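Numbering (the UniProt record's numbering), first residue to last: 1 to 68.
It is possible that some hints are incorrect.
Computed cross-link-like contacts, SDA-like style, restricted to lysine to any residue with a CA-CA straight-line distance of at most 20 Å [to be verified]:
# : residue 1 : residue 2
1 : LYS42     : ARG27
2 : LYS60     : GLY48
3 : LYS60     : GLY22
4 : LYS60     : ASP32
5 : LYS62     : ASP32
Hints are computed from structural coordinates only; laboratory data are not their basis.
Here the structure is a predicted model, which means the values were calculated and not measured.
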Amino acid sequence: MTATVAATMSSRIYTDGHEIDGSWVLRIYVTDLNVERSLRVKGELHIGGVMLRLVEDLEKRKDATLHE
1 MTATVAATMS
11 SRIYTDGHEI
21 DGSWVLRIYV
31 TDLNVERSLR
41 VKGELHIGGV
51 MLRLVEDLEK
61 RKDATLHE
C-alpha cells in the first residue's frame, strides 16, 4: 500500500478567545485504494498512531458501506 501525505496547519485562533490546540489536518491519499482521508492530529502522535487511526477510519467506512 502506498500513501501520499499532506499537512495543512489549522488556524485555530478565534476572536472570541478560544484556545489554540496545536492540531492540524493531515491529508492522506492511499493510492492502492484510491481514497483520501483527513485526520486531525497533533505533533505528539507518532507514525504508528497515524497508521492505526487511518486503518480504523477506513474499516469504519467499509463497514458502513456493507450495511447500506
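Numbers of the earlier hints that this structure fails to satisfy, in rising order: Hint 3 contradicted; others consistent.
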